[in-house]
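Letter by letter, the chains look like this.
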Amino acid sequence: MKQLLDTKIVDLLDLKHTKGDVGIEIEMELETPYISTTPFKNVWRLEGDGSLKVNGVEFVLKKPVEFSYVGTLIDNLKVKLKENDMTILPSIRAGVHVHVNMQQSTLGQMYNMLGCYYPMETVLTRFCGNGREGNLFCLRSRDAAGVLKRLELSIKQEALHYLDTDDIRYAALNIRSLFNYGTLEFRALATTPDLGLIEDWTKMAQKLKEYSERVNSCWDCMYHISGNGGRSWLMEVFGPELFAKLDYPDLERDIIRDSRNCQYLNSLITEATHND
Amino acid sequence: MSEVNYGHDNDYAETRLRNTIVKTVYNTVVLIENFSYDEGKFYCTDILAKAGLHLDLEELDMNPVELGFVNSPNNTDYISRMPSRHYKQGLTAQTYKGGVYPNKNTFATASMAMCILGIYPKLIDCVESVSCGEAVSRGFSRNFSVSNTGEDNVLTFRGDYVGAVHFNSDNGLLQNRLDKKYNFLQEMLEYETAA
Chain W
1 MKQLLDTKIV DLLDLKHTKG DVGIEIEMEL ETPYISTTPF KNVWRLEGDG
51 SLKVNGVEFV LKKPVEFSYV GTLIDNLKVK LKENDMTILP SIRAGVHVHV
101 NMQQSTLGQM YNMLGCYYPM ETVLTRFCGN GREGNLFCLR SRDAAGVLKR
151 LELSIKQEAL HYLDTDDIRY AALNIRSLFN YGTLEFRALA TTPDLGLIED
201 WTKMAQKLKE YSERVNSCWD CMYHISGNGG RSWLMEVFGP ELFAKLDYPD
251 LERDIIRDSR NCQYLNSLIT EATHND
Chain V
1 MSEVNYGHDN DYAETRLRNT IVKTVYNTVV LIENFSYDEG KFYCTDILAK
51 AGLHLDLEEL DMNPVELGFV NSPNNTDYIS RMPSRHYKQG LTAQTYKGGV
101 YPNKNTFATA SMAMCILGIY PKLIDCVESV SCGEAVSRGF SRNFSVSNTG
151 EDNVLTFRGD YVGAVHFNSD NGLLQNRLDK KYNFLQEMLE YETAA
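Same order as they appear, the protein sequences are chains W and V. Sequential numbering of the first sequence, starting at 1, is according to my numbering. Sequential numbering of the second sequence, starting at 1, is according to my numbering.
One or more hints might be untrue.
[As the list claims (entries may be wrong)] Keeping only pairs whose Cα atoms sit at most 25 Å apart, straight-line, the calculated SDA-like set for lysine to any residue is: (1) V:K122 <-> W:R260; (2) V:K180 <-> W:Q157; (3) W:K156 <-> V:K41; (4) W:K156 <-> V:K88; (5) W:K78 <-> W:D6; (6) W:K156 <-> V:N183; (7) W:K2 <-> V:K181; (8) V:K180 <-> W:E158; (9) V:K181 <-> W:G134; (10) V:K180 <-> W:L153; (11) V:K41 <-> W:D166; (12) V:K97 <-> W:F179; (13) V:K180 <-> W:K78; (14) V:K97 <-> W:D166; (15) W:K2 <-> V:Y182; (16) V:K88 <-> W:V57.
If you are wondering where the hints come from, they were derived from the structure by calculation, not from laboratory data.
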């Protein structure tokens, strides 16, 4: 197992090398049908999306970009949408999917990032906008614990094929996309009419990845939560500015609940990654 | 209540809810059959009461139902929802997995409804049941069960061995004994047992 865990995702899954930190897909339902085909070329590709209902389109970044460019790209997209009289409708069907490039991370680092993510999953999903908690397109592990069982099996059996299935694709954090692109796909963010949360959401994914590479193991999260509380932990992960956007009165309760839900998985991850 | 809200779009809601299991605002568990245009409501079957009824969208809770151990008369099976690409908001026979039985044996049964509602037998009753051979295993909470291996009463977390359960010979009381490496589960075990 140790050898597997120390192998980079790109090599382990024999993927085509892709540069860039992050890919973004933005599903949207529009007030009127989109007609023009010219203004978004070069950066965004437009696609149809069967899961949308009212004048649905999906903007997909043609190539992954560095984290630092996301804000500018979203600002430019807002201008283009306005120029084309494209008004986004609120919809429980439309979401933003952020693909974080994990190709250069090892399998062990990927598991560690998951172990750091699950204790904060409810808090993060709550940030993602109305209609996302419990939504069938982005189920949290507390809604669909089967994803945790799959991860546990993949570690115990040392077999990644347990994760290579559409059975876990509509999770708030989709692991299946590792096998196609070498990414972890954050699916929880709602498409809001002003596209306002995308930059912050992408920064949160970046901070989470950086934090998970910094800590000794994902069990450190459990120690931190148990010793100093969830707020202190999230402050360490995200810093004061982003944390302020996540905070709410019952945050500690939700972190404890999520921590309990994933602690068995985190113990397996820690045991596997620290077993020489 | 759930954030997932279909408003008055009953047609769309039906595509996401037909043949699925959800809870209601009355803390019951129903299988949604179809939207009845005559009634302007969803026709459902109350799984525990085994009775048909018509319900408005507002009476249906769109939160994914909580799962865990489903007890049958002589065994238990830990089931969990899969975040499948299946386009259903409620639970279907295709969107959960267990380890013991095929889903057709558990879907929309009274045992499943009890699991969804979090109704479990007491630990002591489960231990007695497996000790006397009445059952192979019994879930006493969503995440914990006890099984008799012939030599010991094994404690499992979601179906995986984590310790044992014994009667203390000195005081006759029941004792959970998590293996040292699973001590971190103690708080959750106490929480679920107390609940």
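Hint-by-hint comparison with the structure:
1. V:K122 <-> W:R260: 21 Å, holds
2. V:K180 <-> W:Q157: Given that 25 Å is the threshold and the Cα spacing comes to 22 Å, the pair holds.
3. W:K156 <-> V:K41: Not OK: K156 of chain W and K41 of chain V at ~47 Å, beyond 25 Å, violated.
4. W:K156 <-> V:K88: 30 Å, violated
5. W:K78 <-> W:D6: 41 Å, violated
6. W:K156 <-> V:N183: It holds: about 19 Å lies between the C-alpha atoms, which stays within 25 Å.
7. W:K2 <-> V:K181: 20 Å, holds
8. V:K180 <-> W:E158: 24 Å, holds
9. V:K181 <-> W:G134: 33 Å, violated
10. V:K180 <-> W:L153: 21 Å, holds
11. V:K41 <-> W:D166: 33 Å, violated
12. V:K97 <-> W:F179: 22 Å, holds
13. V:K180 <-> W:K78: Cα-Cα ~55 Å, so violated.
14. V:K97 <-> W:D166: Roughly 14 Å between the alpha carbons, so the hint for K97 of chain V and D166 of chain W holds.
15. W:K2 <-> V:Y182: Holds, because 22 Å separates the two Cα atoms, which is no more than 25 Å.
16. V:K88 <-> W:V57: Measuring from Cα to Cα gives roughly 21 Å; hence the hint holds.
Violated hints, in rising order: 3, 4, 5, 9, 11, 13; the structure is consistent with all others.
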